[in-house]
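Given the coordinates of chain A, assemble chain B onto it according to the supplied hints.
Protein chains: 2
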Amino acid sequence: MGGGATLGQSVDEIDTPALVIDLDAMERNIASMAKFVHSRGVALRPHAKSHKCSAIAQRQLHAGAAGVCVQKLSEAEALAATGVRDIYISNEVVDSRKLARFAALAGQVKLAIAVDCLLGIERLAAALQLTGHAVDVFVEIDVGQGRCGVPPAAAGALAHQVVAHGMRFAGLQAYHGKAQHLRNCNEREAAIRHSVGLVRAAQASITATGLRCPLVTGGGTGSFVFEAASGVYGELQPGSYVFMDRDYSANEFANRGPRFEHALFVKSQVMSRGAAHAVIDAGHKSHAIDSGMPMVWQRDLDYFNGGDEHGILRVAAAGAPRTLPSLGETVWLVPGHCDPTVNLHDHYVAVRGGLEDGRVESIWAIQARGCSS
Amino acid sequence: MGGGATLGQSVDEIDTPALVIDLDAMERNIASMAKFVHSRGVALRPHAKSHKCSAIAQRQLHAGAAGVCVQKLSEAEALAATGVRDIYISNEVVDSRKLARFAALAGQVKLAIAVDCLLGIERLAAALQLTGHAVDVFVEIDVGQGRCGVPPAAAGALAHQVVAHGMRFAGLQAYHGKAQHLRNCNEREAAIRHSVGLVRAAQASITATGLRCPLVTGGGTGSFVFEAASGVYGELQPGSYVFMDRDYSANEFANRGPRFEHALFVKSQVMSRGAAHAVIDAGHKSHAIDSGMPMVWQRDLDYFNGGDEHGILRVAAAGAPRTLPSLGETVWLVPGHCDPTVNLHDHYVAVRGGLEDGRVESIWAIQARGCSS
Numbered sequence: 001m002g003g004g005a006t007l008g009q010s011v012d013e014i015d016t017p018a019l020v021i022d023l024d025a026m027e028r029n030i031a032s033m034a035k036f037v038h039s040r041g042v043a044l045r046p047h048a049k050s051h052k053c054s055a056i057a058q059r060q061l062h063a064g065a066a067g068v069c070v071q072k073l074s075e076a077e078a079l080a081a082t083g084v085r086d087i088y089i090s091n092e093v094v095d096s097r098k099l100a101r102f103a104a105l106a107g108q109v110k111l112a113i114a115v116d117c118l119l120g121i122e123r124l125a126a127a128l129q130l131t132g133h134a135v136d137v138f139v140e141i142d143v144g145q146g147r148c149g150v151p152p153a154a155a156g157a158l159a160h161q162v163v164a165h166g167m168r169f170a171g172l173q174a175y176h177g178k179a180q181h182l183r184n185c186n187e188r189e190a191a192i193r194h195s196v197g198l199v200r201a202a203q204a205s206i207t208a209t210g211l212r213c214p215l216v217t218g219g220g221t222g223s224f225v226f227e228a229a230s231g232v233y234g235e236l237q238p239g240s241y242v243f244m245d246r247d248y249s250a251n252e253f254a255n256r257g258p259r260f261e262h263a264l265f266v267k268s269q270v271m272s273r274g275a276a277h278a279v280i281d282a283g284h285k286s287h288a289i290d291s292g293m294p295m296v297w298q299r300d301l302d303y304f305n306g307g308d309e310h311g312i313l314r315v316a317a318a319g320a321p322r323t324l325p326s327l328g329e330t331v332w333l334v335p336g337h338c339d340p341t342v343n344l345h346d347h348y349v350a351v352r353g354g355l356e357d358g359r360v361e362s363i364w365a366i367q368a369r370g371c372s373s
Numbered sequence: 001m002g003g004g005a006t007l008g009q010s011v012d013e014i015d016t017p018a019l020v021i022d023l024d025a026m027e028r029n030i031a032s033m034a035k036f037v038h039s040r041g042v043a044l045r046p047h048a049k050s051h052k053c054s055a056i057a058q059r060q061l062h063a064g065a066a067g068v069c070v071q072k073l074s075e076a077e078a079l080a081a082t083g084v085r086d087i088y089i090s091n092e093v094v095d096s097r098k099l100a101r102f103a104a105l106a107g108q109v110k111l112a113i114a115v116d117c118l119l120g121i122e123r124l125a126a127a128l129q130l131t132g133h134a135v136d137v138f139v140e141i142d143v144g145q146g147r148c149g150v151p152p153a154a155a156g157a158l159a160h161q162v163v164a165h166g167m168r169f170a171g172l173q174a175y176h177g178k179a180q181h182l183r184n185c186n187e188r189e190a191a192i193r194h195s196v197g198l199v200r201a202a203q204a205s206i207t208a209t210g211l212r213c214p215l216v217t218g219g220g221t222g223s224f225v226f227e228a229a230s231g232v233y234g235e236l237q238p239g240s241y242v243f244m245d246r247d248y249s250a251n252e253f254a255n256r257g258p259r260f261e262h263a264l265f266v267k268s269q270v271m272s273r274g275a276a277h278a279v280i281d282a283g284h285k286s287h288a289i290d291s292g293m294p295m296v297w298q299r300d301l302d303y304f305n306g307g308d309e310h311g312i313l314r315v316a317a318a319g320a321p322r323t324l325p326s327l328g329e330t331v332w333l334v335p336g337h338c339d340p341t342v343n344l345h346d347h348y349v350a351v352r353g354g355l356e357d358g359r360v361e362s363i364w365a366i367q368a369r370g371c372s373s
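These protein sequences, in sequence, are chains A and B. Using my numbering, read the first sequence as starting at 1 and increasing by one per residue. Using my numbering, read the second sequence as starting at 1 and increasing by one per residue.
Treat the hints as calculated values from the structure; they're not laboratory data. One or more hints might be untrue.
Said to hold, decoys possible - What follows is a set of in silico ranges between Cβ atoms, one per label pair, in the way DEER data are often shown:
id, chain 1, residue 1, chain 2, residue 2, range
1, A, S362, B, E187, 29 to 39 Å
2, B, G64, A, G354, 25 to 35 Å
3, A, L130, B, T6, 54 to 64 Å
Said to hold, decoys possible - Here chain A is said to cover these stretches of chain B; the calculated rule only asks that three of the stretch's residues, wherever they fall, bring their Cβ under 8 Å from a Cβ of chain A:
id, segment
4, 16–22
5, 92–102
6, 221–227
7, 308–317
8, 327–340
No residue lacks a Cβ here, since even glycine has one placed at the ideal position from N, Cα and C.
Chain A extracted, bound-state conformation:
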């Protein structure tokens, strides 16, 4: 019991709103990505910020993933506590109390972390010295995101500091978040070509200090094909491919690499009807709207923001005129952005056999839900 569902129940019986996984589609997505990285000879370290769930992480690891990425220490703690043994925080932590927790966790699972400043390196080294555990340390460079990370020319000096503080320099963190949703395939390729140039410059600055750069890690669901072909990235970090949200499906992929299917849905139902609109019981407390409204699955209906608890459906302007759904009728949504949508729910209801006739095969706790610290 959880997420408004019980094992073995038919899809029709799942309470709404519920976060539902089409297991068949998700497994095909995991297999497609595993096959792709194998064919290109690169490692896969999927980003668990998308699913936040050890049951899904275990499936990715079983399909050959090297480990997982997370963004926050508390996500690492939650996944480590539920059996994930190799976790990379692809993000900076400079708070000493958090670093003490990180250094303690390093005694339980294999850990890695990113740094982008001397203060972070000093505090990380101090924390690890107290516990005596070793971790992998990546230097983050800014390859176009304009958020964290140093300019490429500064990478060598930081890598040198990592080593000078007695830690293992593991390579470069180089993720271009802004490139992921450039709609045109050639634009994404050009953005990653630019990133790769910056990675090479960072590698040169590392070599100039007498160090080698063991690994370059990065890439997302919108760009991993290009990082894989770059010759410099040894590890890819896509996360959303496992679910394929509405925002990513709006990208043009042009048969470059595998295609992924929608595997994450919000089940909702009509709870009020107007003359020209239907109101469903899933608003932006059930699915995140930071990347736009959800898509109404397989119906010519448009979703309009009805607030925290309501969605307003109207017949799509461009679509064939169709009857609005009736009171009580089920409506499936494909969320705009999977990661923060998952963060709104405590459980996945995992369905086998499709959204029409399937049954609940598993109910998975979302262990890293709400883990932002």
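Leaving out everything else, chain B in the frame of chain A:
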């Protein structure tokens, strides 16, 4: 322990990101609203969709509130389980399994619910007949929101159906959500004047069926002054006044009714620094952005969307040039929209004595967090 804090801790020691209440400010807000409704001779039934927390509901009840509103059955269940005894679901429920849960809960606490269709009335009556419990039933009319509710002229027929199905017709639910954030005070007043006209028309249609309308309930933090002055509303439902988020504080209030203070904050810290920007560890997984970006509290800095886990701060264009915060420095955010921000956290860290020198007085579970069903 919870929300990254422990009782008695100083504000500086609270882990980030954390959802922090300035208790002194919140208590002044609760007292101001209690004083206002008392002076106008109307009842107050604050909307618990804002705070989702029985500890805060109890403070509102202690200050004289008649009960609380919620939007969803699962919120009612969560608050009932933690001691709230009078709950109104100001929203429709048409699902028979949910209505069975509602009818069961009616044996434990005083409940009310809204209806806007015959099917909902029939199913509600059937569910209550099985448990033998009574509830108050409000007919919702659409007073400008364009979401749920019937046109005023249809209110009488539905009220008649409520009674014909053996239930207690309690009055009209009439909330104009779209009016709440009209920035200009006169525009909000005009919108509510229009709503009041629709309420009167609905009352007339009820009287025409031979019934009386015991109560009109509605109003929000942006409009309650006008519903209070209308002569038709007997009960007000504001929720956000307890916290006063950035979106509501952007309204022009023109000394019409009490002013409220910001009482809800997200504590964050700088975890990366660029030449012209600082990156904090609180993105839209820590505060909701459906109503815009948060305000950086008492600093001339603008917040830019940095994704789920990051916020990007730059010196405000209009503000005096100021130094960006340093690595590790605390930055306080006033969330854009309080209700969905609260939904992202498991605990409130309630601070006494202000954000500079205060101490953690209480840590409150947010019992109705994630309750969307």
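Verification of the hints:
S362 of chain A and E187 of chain B have their C-beta atoms about 51 Å apart, which leaves the hinted 29 to 39 Å range violated. For the pair G64 of chain B and G354 of chain A, the beta carbons lie near 53 Å from each other, so the given range of 25 to 35 Å is not met. Taking the beta carbon of each, L130 of chain A and T6 of chain B are about 21 Å apart, not inside 54 to 64 Å as hinted. Interface restraint, the segment 16–22 of chain B with chain A: holds (3 residues with C-beta to C-beta distance below 8 Å; minimum three).
For the segment 92–102 of chain B, the assignment as covered by chain A holds, since 6 residues bring a beta-carbon within under 8 Å of that chain's beta-carbons and 3 suffice. Here the segment 221–227 of chain B counts 0 residues with a CB under 8 Å from a CB of chain A, which misses the bar of 3, and the coverage is violated. Given a C-beta distance limit of less than 8 Å, the hint that chain A covers the segment 308–317 of chain B holds, as 4 residues qualify and 3 suffice. Residues of the segment 327–340 of chain B lying with their CB closer than 8 Å to a CB of chain A number 4, which satisfies the three-residue condition for coverage.
Checked against the numbered hints above, the structure breaks hints 1, 2, 3 and 6 and satisfies the rest.
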